[in-house]
Amino acid sequence: TQLLEQSPQFLSIQEGENLTVYCNSSSVFSSLQWYRQEPGEGPVLLVTVVTGGEVKKLKRLTFQFGDARKDSSLHITAAQPGDTGLYLCAGGYYGGSQGNLIFGKGTKLSVKP
Amino acid sequence: NAGVTQTPKFRVLKTGQSMTLLCAQDMNHEYMYWYRQDPGMGLRLIHYSVGEGTTAKGEVPDGYNVSRLKKQNFLLGLESAAPSQTSVYFCASSYSWDSYNEQFFGPGTRLTVL
Chain L
1 TQLLEQSPQF LSIQEGENLT VYCNSSSVFS SLQWYRQEPG EGPVLLVTVV
51 TGGEVKKLKR LTFQFGDARK DSSLHITAAQ PGDTGLYLCA GGYYGGSQGN
101 LIFGKGTKLS VKP
Chain S
1 NAGVTQTPKF RVLKTGQSMT LLCAQDMNHE YMYWYRQDPG MGLRLIHYSV
51 GEGTTAKGEV PDGYNVSRLK KQNFLLGLES AAPSQTSVYF CASSYSWDSY
101 NEQFFGPGTR LTVL
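Protein sequences, first through last, are from chains L and S.
The opening residue of the first sequence carries number 1 in our numbering; numbering runs sequentially from there.
The opening residue of the second sequence carries number 1 in our numbering; numbering runs sequentially from there.
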């Protein structure tokens with residue numbers, strides 16, 4: 001069974017602060033996705049990274065895939081209350097009973113005005 | 001487009017009762033998935049389907065059955081509900097099996113088994 005560890009599990013910050021969420025594994029993944037989930041809704045894809053060392057930016061969000069394709073990070077600059085939600089990383093691989101995506105347990109972010 | 005829809009949104013069952021959760025997608029996706037989400041456990045795959053008429057077991061299939069009679073629908077059945085099946089169930093679909101493809105999720109069904 002492959003595992004993805006996310007940290008921190010919970011994060012409560014003030015509007016305007018910066019934060020980083022980490023996603024780590026001992027396994028190599030073919031790709032790494034980040035999803036955001038709001039209460040009462042399903043996860044929605046934010047970004048997919050596929051190349052070791054890849055960095056993608058989405059407005060104030062910066063995503064990085066580790067060189068060895070075993071870890072990833074999500075950095076948010078100047079967080080806003082609208083960033084509040086559950087952030088899930090998902091590692092991609094082929095085959096196995098876990099399907100084609102392994103999900104981390106998530107980081108619950110709360111941004112206070 | 002409605003995307004992925006799930007019926008019902010909420011359900012309360014007594015131990016031993018049965019029910020079927022319905023998932024429908026209008027994106028003509030071949031691949032469909034059923035996950036359960038529990039506090040502190042993340043999303044875990046129950047069953048998945050790689051096309052009409054085909055299904056496969058995921059990580060936590062015990063106590064569940066599925067059917068994919070039509071391409072756009074994926075049904076999840078609980079034959080004899082147990083309290084351990086209290087969870088939020090999400091259906092998802094994707095265009096291909098490639099892991100870099102986006103999975104589109106429904107809004108979820110919150111199931112409580114008493």
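I should point out that these hints are in silico values taken from the structure, not numbers from a laboratory.
Keep in mind that the hints are not guaranteed to be accurate.
Subject to a maximum C-alpha distance of 35 Å in a straight line, what follows is the list of computed DSBU-like cross-link-like pairs (lysine-lysine) [said to hold, decoys possible]:
hint : chain 1 : residue 1 : chain 2 : residue 2
1    : L       : K108      : S       : K57
2    : S       : K14       : S       : K70
3    : L       : K108      : S       : K9
4    : S       : K57       : L       : K70
5    : S       : K71       : S       : K9
6    : S       : K9        : S       : K70
7    : L       : K56       : S       : K14
8    : S       : K57       : L       : K59
9    : L       : K112      : S       : K14
10   : L       : K57       : S       : K70
11   : L       : K112      : L       : K57
12   : L       : K70       : L       : K108
13   : L       : K70       : L       : K59
All of these numbers come straight from a predicted model, not from anything done at the bench.
For each hint given before, does the structure comply? Return the numbers of the non-compliant ones in rising order. 7, 8, 9, 10
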